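Trainee: Can you build the whole structure from these sequences, using the hints too?
Numbering (the numbering used here), first residue to last: 499 to 840.
Simulated from the structure, these hints should not be mistaken for lab results.
On a predicted model such as this, the values are computed, not experimentally measured, just so you know.
One or more of the hints may lead you astray.
Stated by the list, open to error - Each computed DMTMM-like pair below joins lysine to aspartate or glutamate, with the alpha-carbon atoms no more than 25 Å apart:
{"hint": "1", "residue 1": "K577", "residue 2": "E736"}
{"hint": "2", "residue 1": "K719", "residue 2": "E606"}
{"hint": "3", "residue 1": "K504", "residue 2": "D625"}
{"hint": "4", "residue 1": "K675", "residue 2": "D625"}
{"hint": "5", "residue 1": "K679", "residue 2": "D752"}
{"hint": "6", "residue 1": "K720", "residue 2": "E606"}
{"hint": "7", "residue 1": "K577", "residue 2": "E606"}
{"hint": "8", "residue 1": "K571", "residue 2": "E606"}
{"hint": "9", "residue 1": "K571", "residue 2": "D625"}
{"hint": "10", "residue 1": "K577", "residue 2": "D625"}
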Amino acid sequence: MKRSGKLLLISLLISIITIAAIIILTVPEGLIDGLREINPFYLFVAGALHVAGWFFWTARIRVLSSASGMPIKFFSTLKIVLTSAFAAAITPSYAGGEPARLYLLSREKNGSGGVASAIVVSERAMDIIFFGFFGTLSLLILGERFSGYISISVAFTVIAFLFLTTGVLFLVSLFRKESIKRLAGFVVRPIEKAFPGTKDSIYREIDSYNVVLWDYIKGGKKNLLAAFLCTVGLWGLEFSIPYVLLTGLGIEVDFLAAWAGYALLMLVVMIPATPGGSGIAELGASVIYTAIAGSALIGIFVLLWRALTYYLDLLVGGITASFVVHDLKELREKIDGVFTEK
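Mentor: What follows is the structure, given as structure tokens:
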């Protein structure tokens with residue numbers, strides 16, 4: 499079994515065991531009786547919100563790819579999104595999503611590594627802006643409720659540092675591309691001896707990446723705005739899922755608090771410990787939403803939330819990757835490369 503397959507199995511086991519433990523501790527009436535508490539309509543709405551998020555993500559990539567001179571058909575882009583969601587779900591910090599998108603975008607007509615990199619980096623930058631704003635807002639809204647959790651405070655500090663580092667690297671790649679070239683040249687020096695021309699090829703991709711980014715900034719302000727609105731739509735839908743599920747379970751919760759809690763939860767999930775944040779996501783959700791909405795049925799909430807997001811990404815994304823995307827072996831190698839780097 500490939501390493502990615504083994505870690506997928508491990509992540510599922512960790513997730514299932516963690517959810518089972520939370521249900522045992524917080525749902526004394528048992529799983530079946532707990533599930534009967536959910537209103538099917540709200541369950542459907544929560545699932546529809548996540549699926550709609552895929553379409554906003556697809557729209558964002560289409561906007562950025564069209565602005566890069568690499569228009570992609572809707573369903574081709576949707577396949578990239580679903581495959582990327584699957585790759586992200588089986589890697590720590592969801593890190594496998596970017597290599598998968600880079601690989602698939604670069605294989606599109608008029609695509610290249612540089613253009614694909616510019617699209618993916620622009621996506622990540624928009625996500626960071628969104629999470630930076632709502633993460634800060636969340637700490638202001640919910641800070642007092644988590645003052646006793648030292649580990650959470652440490653995690654937020656580490657994640658904030660990683661976001662800052664990513665932002666600095668983005669600015670360096672934008673304004674000092676020669677510095678990036680020197681770094682890349684140093685890294686590939688041993689490879690250059692065995693495969694002459696590798697360095698020049700990488701330099702060309704860096705130039706292409708830099709040109710596309712500046713095209714976005716100088717002449718594509720409308721496209722950037724449209725892409726950012728897609729980002730707001732994507733995460734706005736995802737952030738609403740906990741509120742819908744809690745309401746469907748008959749638990750009264752403030753909408754803004756539920757939103758703020760999800761921002762904190764997503765920051766916790768980014769901790770690079772287990773594939774797809776398994777274990778960490780479930781425990782984080784139980785701690786955060788217990789503080790927001792109380793412990794009643796929190797285990798059922800965690801189960802439904804992971805089923806409609808993480809498990810659904812694994813199912814639909816896995817089917818897409820297995821039966822639709824060509825050259826799956828090479829894609830798997832890209833994903834396995836994330837584990838090797840870790």
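Trainee: For this structure, which hints from the list above don't hold up?
Mentor: 3, 5
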